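Novice: Residue-level listing of the chains:
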Amino acid sequence: MRFLKKKNRKVLNLHTSLRSQSIEPNPEDGLNKSLQQNIQTLKDTLGKSSDIIIREIRFGKEGTIKAGVIYTDGLTDTPSLQNFILETLMLDIKEIDLHKKSPEKNLISVLKDVALTVGEIKEETSFDAILTSLLSGDTIILLDGYAEGLIISNRQWAERGVTEPTAQTVVRGPREGFTENLRINTALIRRKIKDPKLWMETKTIGTRTKTDIAIVYIHDIADDKIVKEVNLRLDQINIDGILESGNIEGLIQDSTYSPFSTIYNTERPDVVAAALLEGRIAILVDGTPFVLLVPALFIQFFQSPEDYYERTVFGSLIRILRFIAFIISLLAPALFIAVTTFHQSMLPPALLISLAAQREGVPFPAFVEALIMEVTFEILREAGIRMPRSIGTAMSIVGAFVIGTAAVEAGLISAMMVIVVSITAISNFVSPSYEMAIAVRILRFVFMALAASFGFFGIMVGLIALILHLCSLRSFGIPYMSPIAPFNISDQKDTFIVLPIWKMINRPHLMNQKNRIRQQHSAAAKPAPPENKKDEGSS
Amino acid sequence: MLKVIGILLIAAAILWKEVPPLLEKKDKKELVVFSILLTIGVGLSMALGLGKPIPNPLDFLTFVFKPIHDVFVR
Amino acid sequence: MMQNAKISTYQFLILVTLFTIGTSILIVPSGLAAKAKHDAWIVAIVGMVIGLVVIGLFCLIAQWFPHLTFIQMNEMILGKWLGKGVSLLFVFMSFIYASSLLFYSGTFLNTHLLPNTPMASLNILMAIIIVMGVHLGLETIARSAEIFILVFFVLFFFLVLFISPEVKFENVQPIFEAGTKTVIQSTFPFIEVTSVNAIVLLMFFPVNVNNRKQASKSFFIGYIIGGIVIIIFTFLSVSVLGAYSTAAEVFPSYELAKRINIGDFIQRIEALMAGLWIIALYFKTTIYFYASVLGIAQILNLKDYRPLIVPLGMIAAVLSLVIYPNVVYQQNWNQTTGIFLSFSIGVFLPLLLVAVYAIRKKQLKKAPESS
Amino acid sequence: MNKCLFAILILSLFLTGCWDRRELNELAIMLAMGVEKVEEEYQVFAQVVVPSEVSMKGSTGSTKVTLYSAKGETVYEAFRKMTKDSPRKIYPGHLKILVMGEELAKEGIGESLDLLSRDWEIRPDFYVVVTKDTSPSEILNTTTNLESIPANKMFNSLQMSEKAWSGTKSITLDELIADLISDGKQAVITGVQLIGNSKIGSSKKNVEMVSPAASIQYDHLSVFKGDKLVGWLTEEETIAYSYVTDSVKTSVRRISCPEGGDATIAIEKSHSDVKGYIRKGNPEVDITIKVEGNIGSVECKMDLNDLGTIAELEKIYEKEKIAIINKTIDTLQKKYKTDIFGFGEAIHRANPKEWNKIKDHWEEEFSNVTVNVNVDLKILSTGTVNNSFLEEIKD
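Residue numbers (my numbering), protein chains in the order written: chain A, 9 to 547; chain B, 78 to 151; chain C, 200 to 570; chain D, 109 to 503.
Zero decoy hints are in this set.
Selected chain D positions facing chain C (Cβ under 8 angstroms, derived; list incomplete):
1. Trp127
2. His456
3. Arg457
4. Pro460
Rather than coming from a laboratory, the hints here were simulated on the basis of the structure. None of the values given here were measured: they were computed from a predicted structure. Ideal Cβ placement from N, Cα and C applies to all residues, glycine included.
Using the sequences plus the hints, can you model the full thing?
Specialist: Spelled out as structure tokens, the structure:
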């Protein structure tokens, strides 16, 4: 009961803040005036890391000014470093007396304001900040005699371009997917929503990985309370490393042990944009193409971006099909076990006799039979993911045909069971969201066990428990099962069916208290041929 | 015997899960009520498991309402 | 913590409906047909109308102290010790009924679905999900009720649709043969299970309902919907099975599902339809159990009712196995003692409260502000 | 915390086992059941399917069904005793047909039906038939063609003959029980006979012949008084019974042409309305039967294009029908003295007060009920041709 309560987080946080480590230099420590000293400190801190390049130069008239250019090889854009920093310093301003140019100001400011021809540049006195920037790929310039350094942002490293998303594919829809780069990802969103109210807050999480995280929302749509809650939960994180958005998800989600995910993840910018417009909040994590969306509701896992791009009727039918597939993949083996071992009276006589004939000589009870097939299938499936793609196809053929047929031939498994397990497996792939598919995979076994011991009553009990559990879940304060429970009539337009886009006047009810209207009233929005046509005809 | 062990295991599980939060909150009254009810519960299940007769509360009610019933029905 | 839960009027309406339907669809048709023969459905209609008066009484009481549960109200009106005593009886009743309903579900499953499974394990399984529901709180129960009422009405709709070809109007003719006296007499058990026992709903009505004005309306509407469902079930049972079979069957409405046969294709679906009864039974039992757990916590002035749930669930499961030695005892007990127990808690106690409130009105009006 | 507890408890429940689990290959699926009384004991027969023989793949060519039987003081006892013989527990959930022995029916069927209405697995929608001049064991022993499972054959041909011919009446258990308990209606059950050699009939040889040595046929309708068989109706009377009780779906009826020869009317629709009255203290019943049909065949000379001919045919049909129905009712009133038509119920519905007075001696009253039969036929079409080609045949 207590794992649902958020109160304990605070207590936890107190404990964790005590363990903040002191390995890195104290952030209070500023830079030293002496260049040598600074470089020495850097070297000491970074050890003998070979990718840190420290280039000591002299520039200015007669080369009087000693400077150090420090960067991380591989993370820094070397051509721009050479062209705009080293060349400027060592060649272009060789003959200019920098001191003269602005006697009142210090040299650092002069370099920053007049000399260096790069975009993002800032002064920094904290040693810690300089280290972080350096390790993020920035170039550092330190001058002898100044307790300040310049941070020049010219990060550039080998990265994947924007490609088609692989985990969530659609037939119709944009072909771009998020990449590992946070900036590209924010740009992809910004490109879709050019609204000044689209706000992006950034945080750095992870004491060692210093991962950048962006919280993206549309200020006048998203609920302030949820934004605040997201910020609060993110601020409470005190961990050494964040490697993927999954880590963030694990740290901020509402219930850890539930098989259902209360945070949605996607690699599609259009899904994120649509969610933002609905009032959801996106959490982008540097280094992963998977963006988190909160609050996530149960039905969200049944929605695919395609539903809104395809024709309405088709979208609705597909949505219903997904729910049916969900039920099949959750319950089919359980129902089969229940019917064949408890409620034979449900089967039509002809089918009963044929099933009984198939089962003649099968040594296992139906439950064990189903278990064997299901486990075999799960193994095949897991193996299929890990295998190289070319072998993966061969594997599935082996799995489906060879093992299935051979097992039936050998009389280990009844043919009907193979059919049931196959339809279950295929239905499982219908789910547009991997999270829901996994949840179903786990729960299927629970239902099978319940069905094997209590028949339909067991399944019914399981369903009641499952729905109770689902109803008790909340995602960032929003009931997980909304808008089914609590029921909301205006949100039904995008629940079991998809209404035409001109009917979607309001944003989801619970997430939006302040800015609910999406578009003009539907009477005006409904597409119709221009009315003056009639006049033409009559005249 | 298996039943008794099962009941005790379940009781232990309940204790293990319910008592620490109560102790933490220092809800003495709750703890007392909880312990009494759990004892009754375990006692009753044991009696049932071992096939001992359990007094039926309905018989008591029948006893109480019998006069009223007789008045009305006649 | 107890008072924080807020459910909407719609959710309350659904809980009332499910509570009203509850056990009634399983046992009411049989009981009514035993006395009023083929006029059982008329009795159900009359009973429902009379039941509305009882519901009106509950709404009246609920109005006085909208921020108090029934237990607290008893103490407020009748004074601390008398109030506690009466409340104890109330809690005792709802607890007995919770275990009695567990017995019902066990018997039902034992007769029709799982005859060889020991009732203990069925009751324990049912008790587990009830305990789970109450543990998760009223809001969760209400939300899941919203989902299950959909399932319920879909199943119900199909049941009615599929069974309607089997209806033989000859079975309910001649109409109103029973006579007024028999009709009125046989309504009492009906009123008992549908409306009088609804007094346990005062444990969260109107305290936990967000719109108190609307809530009374929901109470009526929910009751009427539930009543109509029972009337339909009674009518179908009598008209399809005949009055004699309806009275003879232990669970006539299940027998009804067995008769479904649409073109030799849609048939043999009664096991699926059992979901209907399990849902209805589950929610009614959960409400009884919630009322008794919360009641005990409030009588003893505990801060939280949750620690009591599991031990009480354990006791309820055990009690459900011993309170009725068999179905015959249960039917007999319901007709003799049960009905008096319900009426004394569900009708006489509220009337007593009304009387005392009328006397102490002025004194009480000041009390809530000072306390 | 809930989840943990939940898991533990569920696990403990699983460990104790699954009490009601029955694998499909542990079942002996009984499709037909026979009950007979032999020397104060019940003998119960169960025709059980052999699934592997029915399926295409594993068939070895032996019979598709097998018959088990056992004797016992009660039906239930005998039923359970069958496991002495059968390797699997008899599963009655798919019972299609129940064959009652004639001897048993004469002594009373009530007691033996109780088990069938009480057992949770038995669905009350199977047909009940009574053997005529044979025993259930002979009927259930007979192998059949086309439908290789005899129970299916019996079930289907009863259903089909009722639909297409109306000379039989399919009675399910729940209908039978409803009739037995009703005080205004008596029960009837279709009779079943074995035609031919029962010895060969029980072997596989029977189905290897084009025209089997033994076959199962439905004929006659048994009439009950209370739960005891008192007599049989002929086929014609059975059809009349079907008309009165509104159970005719389609049927065929020969009538004589006005100028000799025969014609056949195919009945497509029939609706009967039985209304009871108390006139001057005496019960009276009006039966109105509305029939719609086509001309099925014409084996005589007449001009079908003439409107008058159709009307004449209708009148002939109506007259003949009324005569048959009256005869049938007469047989029951005089010979068997049992109200199988439900006239008592009709009077009950119409006048419950008077009914309460006469219901205790309804048996005598029934014999004196005045019955007014009214049949109204409408001929809708004459088939695909108008006049018969018989008209044109040159001698």
